[in-house]
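*Asks:* Protein chains in written order, with the working numbering: chain G, 38 to 164; chain R, 159 to 530.
Simulated from the structure, these hints should not be mistaken for laboratory data.
There could be a bad hint or two in this list.
Straight-line alpha carbon distances no greater than 30 Å define the calculated BS3-like cross-link-like pairs of lysine-lysine that follow [said to hold, decoys possible]:
hint: 1; chain 1: G; residue 1: K66; chain 2: R; residue 2: K438
hint: 2; chain 1: R; residue 1: K478; chain 2: G; residue 2: K74
hint: 3; chain 1: R; residue 1: K520; chain 2: G; residue 2: K143
hint: 4; chain 1: G; residue 1: K40; chain 2: R; residue 2: K273
hint: 5; chain 1: R; residue 1: K289; chain 2: G; residue 2: K74
hint: 6; chain 1: R; residue 1: K163; chain 2: G; residue 2: K79
hint: 7; chain 1: G; residue 1: K62; chain 2: G; residue 2: K143
hint: 8; chain 1: G; residue 1: K74; chain 2: R; residue 2: K261
hint: 9; chain 1: R; residue 1: K438; chain 2: G; residue 2: K74
hint: 10; chain 1: R; residue 1: K347; chain 2: G; residue 2: K41
hint: 11; chain 1: R; residue 1: K336; chain 2: G; residue 2: K106
hint: 12; chain 1: G; residue 1: K74; chain 2: R; residue 2: K336
hint: 13; chain 1: R; residue 1: K294; chain 2: G; residue 2: K110
hint: 14; chain 1: G; residue 1: K79; chain 2: G; residue 2: K109
hint: 15; chain 1: G; residue 1: K74; chain 2: R; residue 2: K347
hint: 16; chain 1: G; residue 1: K106; chain 2: R; residue 2: K225
hint: 17; chain 1: R; residue 1: K294; chain 2: G; residue 2: K143
hint: 18; chain 1: G; residue 1: K66; chain 2: R; residue 2: K347
hint: 19; chain 1: R; residue 1: K478; chain 2: G; residue 2: K110
hint: 20; chain 1: R; residue 1: K225; chain 2: G; residue 2: K108
hint: 21; chain 1: G; residue 1: K41; chain 2: R; residue 2: K336
hint: 22; chain 1: R; residue 1: K239; chain 2: R; residue 2: K473
hint: 23; chain 1: G; residue 1: K108; chain 2: R; residue 2: K294
Some chain R residues well away from chain G (every beta-carbon gap over 12 Å; in silico) [unchecked claim]:
hint: 24; residue: R171
hint: 25; residue: R355
hint: 26; residue: L398
Beta carbons: idealized from backbone N, C-alpha and C, even for Gly.
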Amino acid sequence: MNKKSILLADDDRDYLEQMQFHVEKLGFKTILANNQKECEEKIETEKFDMAILDLMMENEDSGFILSYKLKKKYPDIPVILVSAVTKETRFVFQPEHDDSWIKADKMLEKGIRPDQLQREINKLLKI
Amino acid sequence: MEKLKILVVDDERGILTGIRRVLRNFTVSFPFHDEDFEYELIDSETGEDAIEIIDSQDIDIVLLDNKLPGIEGVEVLEYIKKKEYDLAVIMITSHASIDLAVKATNRGAYNFVPKPFNQAELKSAIQNVTKHLFLKRMTKELTSEGKEIRFKFLSVLSHELKSPINAVEGYLRMMEDKQLGNDINAYTKMINRSITRIESMRNLIMDMLDFTRVESGKKSRTIQEIDIVEIAKIAVDSILPIAIQKNVSIRTHFPDELIKKCDAGELEIIFNNLLSNAVKYNKEEGQVDFVLKKDRKNVIIEVKDTGIGMSEEEKSNLFKEFMRAKNVKTRAISGTGLGLSILKKIVELNNGNVTVETEVDKGSTFKIEIPF
Ligand SMILES: Nc1ncnc2c1ncn2[C@@H]1O[C@H](COP(=O)(O)OP(=O)(O)OP(=O)(O)O)[C@@H](O)[C@H]1O
């Protein structure tokens, strides 16, 4: 069976490498982007089955912008947004609402453990 | 009961009556506030009308459609922002457009309600905005002596503080779970990265302390006649080790002495910041020219480097808190993005001004003028 691949975007190099480690250990391929701009390029050029995007990169709402662009191109690819400050940001985030203007499937606070991560990924990829 | 005034700006009659119906007997209560909130509705069909109403009455909440017959909703938003009115705006958008959403958020919109909306959506939006307004006003009261705590600043600050903690915690967990096996040597990189993150967090905390000291008051200033050249020399000495490491040479162009009444600590912060940036963002074997001089009115400080320079966009954000240019060239350079905002505050405290000239890959010159 072909390995599924996951696009990871984060401007925190340590966090990106840790995510890469865990996601690869779960048996996925990874495509990495170090910032919003790089991620926009990867969305245009790469093939992937899922994306995990940091919320605050160059912009306070980089993750929202990226997931909007991604969903426009690939409506069926699941997107997880991660942030260190889900609680502090004022964005009212309700992914359950189909008409919510934020097009992501899940929002997670950073600091997530590998087993939780695995559960979320499997759920969204329906594995 | 506390009454909040909601201004509904929409040219569709149906929407207006709908909102009226939903909010007629609607109240919001909070455990930490004795009084319930209820709402009084005022409507207008154009942005022009809305502005007149906002100018003449105390409005608390605006429900604003973007598509209006005359000026657009975002223009009303802009006006409210410019006038710094203490009210919260909820945009009503018919199609979830991120462009509009981002634009409106930047201009201060608090939230969005997609159109058509149902009762529950409208109620929850009103409930949220009421809480937001209430807390904002309460904070404003608490901090009315000019120490306004800005939401944005706090959310960015907590982001900057939590990111290194997350990174270090992530590494520790990987070690705890022995992800790379039993040999401690396998973890060297993780340990080193953790130490680096902790060091930069320490710098951030130090900068934060400087920042709040400058923000919160002029109390601890000691203004006396000092020789600026002396302080500049010490600043050069303390940056020298880093400059040598990077093969950057520092040339000073100082008069014999330059006496001015000011706070020595503040000058130190200015010099340290400019020099450390001029070295950090320089090239291998680059140059720094450090000039002190005066004209009839001002002391002039100039720090010129031959480093990576900045784009127009980076330059325009330069003095914002936590702004760091993010590109390939700056990725490996650590910093908090607070230095220059502190510097700017100090310069302003001394009635001076800062200007920057910069060109990508050529270098930057920071010039500060402080009146005698
Ligand atoms: N001399 C310079 N040349 C090129 N870029 C600069 C220069 N000085 C500042 N910058 C840019 O401006 C940003 C903000 O600078 P600032 O001094 O506020 O923070 P910092 O260097 O990131 O951190 P620190 O406060 O720890 O010095 C830097 O991250 C850098 O991108």
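*Asks:* Decide, hint by hint, whether the structure agrees.
*Replies:* Verification of the hints:
no.	hint	result
1	G:K66 x R:K438	violated (36 Å)
2	R:K478 x G:K74	holds (21 Å)
3	R:K520 x G:K143	violated (44 Å)
4	G:K40 x R:K273	violated (41 Å)
5	R:K289 x G:K74	violated (35 Å)
6	R:K163 x G:K79	violated (47 Å)
7	G:K62 x G:K143	holds (21 Å)
8	G:K74 x R:K261	holds (19 Å)
9	R:K438 x G:K74	holds (24 Å)
10	R:K347 x G:K41	holds (28 Å)
11	R:K336 x G:K106	violated (38 Å)
12	G:K74 x R:K336	violated (34 Å)
13	R:K294 x G:K110	violated (39 Å)
14	G:K79 x G:K109	holds (15 Å)
15	G:K74 x R:K347	holds (27 Å)
16	G:K106 x R:K225	holds (24 Å)
17	R:K294 x G:K143	holds (29 Å)
18	G:K66 x R:K347	holds (23 Å)
19	R:K478 x G:K110	violated (34 Å)
20	R:K225 x G:K108	holds (25 Å)
21	G:K41 x R:K336	holds (26 Å)
22	R:K239 x R:K473	holds (24 Å)
23	G:K108 x R:K294	violated (34 Å)
24	R171	holds (23 Å)
25	R355	violated (7 Å)
26	L398	holds (29 Å)
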